[in-house]
Amino acid sequence: MARGRRRNTDMDVSPTTGIIMTIVFTFLSVAFLYPILLVLLNSFKSKLYISDQPFALPNDQTYVGMSNYTDGISKTGFWGAAVNSVFITVFSVIAIILLTSMCAWWITRVKCTFSTLTYFVFVFAMIVPFQMVMFTLSKVADMLHLSNPIGIIFVYVGFGAGQAVFMFSGFVKSIPVSLEEAAMLDGCTPIQTFFQVVFPVLKPTTITVAILQAMWIWNDYLLPVLVLSSDYKTIPIAVQYLRGGYGSIDMGALMGMLVLAIVPIVVFYLSCQKYIIRGVAAGAVKG
Amino acid sequence: MQKAYKKYFPLFVLPTLIAFIMFFCVPFVLGIILSFCKFTTVTNAHFVGVENYIKAFSNKDFLNALWFTTKFTVVSVVTVNVIAFSFAYALTRGIKGTSIFRTVFFMPNLIGGIVLGYIWQLMINAVLAHFNVTITTDPKYGFWGLIILTNWQMVGYMMIIYIAGIQNIPTELIEAAKIDGASKAQALFKVTVPMVMSSITICLFLTLTNSFKLFDQNLALTAGLPSRKTAMLALDIYTTFYNRNGWEGVGQAKAVIFFAIVGLISLTQLYFTRNKEVES
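These protein sequence lines map, in sequence, to chains A and B.
In terms of our numbering, the first sequence opens at residue 1 and continues consecutively.
In terms of our numbering, the second sequence opens at residue 1 and continues consecutively.
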């Protein structure tokens, strides 16, 4: 739709209304950020004062420097968890993109009962909630000795395949077959055709799939806590680990952990905001 | 060409298919079978018929979770979509600061459910401390806490989808409505809303299924307290499985019921709103 898109630079309201709206949204933005600021503020206070005076700024009496952070890190093994989170997210996303794009291309291009059926099972998988398979899936993973950060990558490929295949397949349908026919006539094998012709064209979908899968895997708690053996933690597992039996929790260490969990996401978000927002908007159109 | 592709099946399809069969199809089918069995692990199961389902439906915690989840889903779907659409509409008027506001509103979405839960536990308990109560004193605090948290998390995401929809409306359409003497409200409800119906379909679908399936946030914010009164379905299934010996079969039966409800909601909702979409 190239004609007449609404652009943000065209003011659609009177200047006065515009100023009032800007003021209202400024307040809303501050309100949106406030809970995060409150966590940051309390992360420098002694745990005794966090529940008592949550809104107070740290002062001489309550300020404890970085000790909440060091406490939290040593209690949860945070750095190990962070390494696992990065490793699992990066390699699962790479594996999902590579494998599901190949799979989606094949089942879209080769028309037979088998490929149609497979496609429908993939789509069906998208509406199945994780609780339905959590027990059996963790048992299967355990039986296959996949309860470690490398093994869980296979689990993510399997459980994440539905949505990824669906999105890639939607895009492959819109690519003219003539492109591939030309490549084949030039003597390309199907492998070369896929990697040199099709895969580069898939780039917008690849970005969208990568963002959606990365957001899911990075933040996922239940799947890794059930699949991984207790030797391994990810960041969400480390945060939840601070909660002892029946709600007792070290508030100081928790605040430190929350800040450490939020910072990488915010930095990542601000540095590739454009792609993330575009990816989400594009994903919605196809999903 | 198809022929040439066909023999590359093992390379292109097999890796994904094997992982998918092992970690989706097998667990899914086993899950259905086990919901009719009594078991503590997969290997010691024996058939008990529909006993697990009877136990599930006569389980107070499960019925309470079902009701709590339904209430929660209805309220959060309405609030998230109304707020997200209003934000999207306001932030496509070209006011100053638009891109900063969008950036801020979207950000909570990237933070994981566990972390979100604890952020809001601090925030809500801080406010409730003035009244000498905590979030786990009364289920209604937990309920509204979850609603606020969910709005905070999902509004930005839905807003982005609505913004994309609004920006895709050809300007001429709105101009034409104005020339025909439509008021701002008329242009909004007679042109903008019908034209973004596909965005509405997607946002309703996402908020509906995500609210119904909420787990991490629930676990971190209240963990179901007081006495499982704020446990949603996903959390109730989890506690039945892992905190109650001998009830694994009932947990699995609950999970099958949960799947059936989620599937039914998804299909019904897609069917109804797709019909309302305008060809553009």
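One or more hints might be untrue.
Covered, in the sense of this in silico footprint (three residues per stretch, anywhere, with C-beta under 8 Å from a C-beta of chain A), are these stretches of chain B [unchecked claim]:
1) 3 to 13
2) 32 to 42
3) 47 to 61
4) 69 to 82
5) 186 to 194
6) 254 to 268
Taking lysine-lysine and the DSS-like style, the derived pairs with C-alpha atoms no more than 30 Å apart in a straight line are [claimed, not checked]:
7) B:Lys-55 - B:Lys-190
8) B:Lys-7 - A:Lys-274
9) B:Lys-7 - A:Lys-203
10) B:Lys-38 - A:Lys-139
11) B:Lys-229 - B:Lys-38
12) A:Lys-111 - B:Lys-38
Simulated restraints, written as ranges between beta carbons of each label pair [claimed, not checked]:
13) B:Ala-260 - A:Val-13: 30 to 38 Å
14) A:Val-24 - B:Ser-183: 39 to 47 Å
15) B:Ser-183 - A:Tyr-63: 24 to 32 Å
16) B:Ala-182 - A:Tyr-63: 31 to 39 Å
17) B:Ser-266 - A:Met-143: 28 to 36 Å
18) B:His-46 - A:Phe-55: 53 to 61 Å
19) A:Leu-98 - B:Trp-144: 24 to 32 Å
20) A:Pro-204 - B:Trp-144: 22 to 30 Å
21) A:Asn-148 - B:Phe-9: 44 to 52 Å
22) A:Met-126 - B:Lys-7: 48 to 56 Å
Note that these hints are calculated values from the structure, not bench results.
In this text, a Cβ means the ideal position worked out from N, Cα and C, and glycines have one as well.
So, going through the hints one by one against the coordinates:
Coverage of the segment 3 to 13 of chain B by chain A holds [criterion: at least 3 residues with CB-CB distance below 8 Å; count 8]. Evaluation of the coverage hint for the segment 32 to 42 of chain B: fulfilled, as 3 residues show C-beta separations to chain A shorter than 8 Å, against a requirement of three. For a cut-off of 8 Å, the count of residues in the segment 47 to 61 of chain B with a CB near a CB of chain A stands at 0, and the three-residue condition is violated. Taking a C-beta to C-beta cut-off of 8 Å, the segment 69 to 82 of chain B contributes 0 residues in contact with chain A, too few for the three needed, and the coverage statement is violated.
Coverage of the segment 186 to 194 of chain B by chain A is violated. Counting CB-CB distances below 8 Å, 0 residues qualify, and the rule asks for three or more. Counting residues of the segment 254 to 268 of chain B whose CB lies closer than 8 Å to any CB of chain A gives 8, so the stated coverage by that chain holds, three being the minimum. A distance of roughly 50 Å separates the Cα atoms of Lys-55 (chain B) and Lys-190 (chain B); the hinted pair therefore is violated under the 30 Å criterion. Simply put, Lys-7 (chain B) and Lys-274 (chain A) have alpha-carbon atoms about 40 Å apart, too far for the 30 Å limit, and the pair is violated.
Taking the CA atoms of Lys-7 (chain B) and Lys-203 (chain A), the gap is near 26 Å; set against the 30 Å cutoff, the hint holds. The hinted pair formed by Lys-38 (chain B) and Lys-139 (chain A) meets the criterion: a straight-line CA distance of about 16 Å does not exceed 30 Å. For a cut-off of 30 Å, the pair hint linking Lys-229 (chain B) to Lys-38 (chain B) stands: about 27 Å separates their Cα positions. Note on Lys-111 (chain A) and Lys-38 (chain B): the hinted pairing is violated, with a Cα-Cα distance of about 43 Å set against a maximum of 30 Å.
A hinted range of 30 to 38 Å is violated for the C-beta pair Ala-260 (chain B) and Val-13 (chain A), which are about 47 Å apart. Remark: the range hint 39 to 47 Å for Val-24 (chain A) to Ser-183 (chain B) is contradicted by a beta-carbon distance near 22 Å. In this structure the hint that Ser-183 (chain B) and Tyr-63 (chain A) lie 24 to 32 Å apart at CB is violated, the actual value being about 57 Å. Checked against the hint of 31 to 39 Å, the C-beta distance between Ala-182 (chain B) and Tyr-63 (chain A) comes to roughly 59 Å, which is inconsistent with it.
Range check, Ser-266 (chain B) to Met-143 (chain A): about 31 Å between beta-carbon atoms, so the 28 to 36 Å window is met. One distance hint, 53 to 61 Å for the beta-carbon pair His-46 (chain B) and Phe-55 (chain A), holds here, with the actual separation near 57 Å. For Leu-98 (chain A) and Trp-144 (chain B), the Cβ-Cβ distance of about 44 Å falls outside the hinted range of 24 to 32 Å, so the restraint is violated. For the pair Pro-204 (chain A) and Trp-144 (chain B), the beta carbons lie near 40 Å from each other, so the given range of 22 to 30 Å is not met.
Judged by the Cβ atoms, the range 44 to 52 Å given for Asn-148 (chain A) and Phe-9 (chain B) is violated: they are separated by roughly 30 Å. The beta-carbon spacing between Met-126 (chain A) and Lys-7 (chain B), approximately 29 Å, falls outside the hinted interval of 48 to 56 Å.
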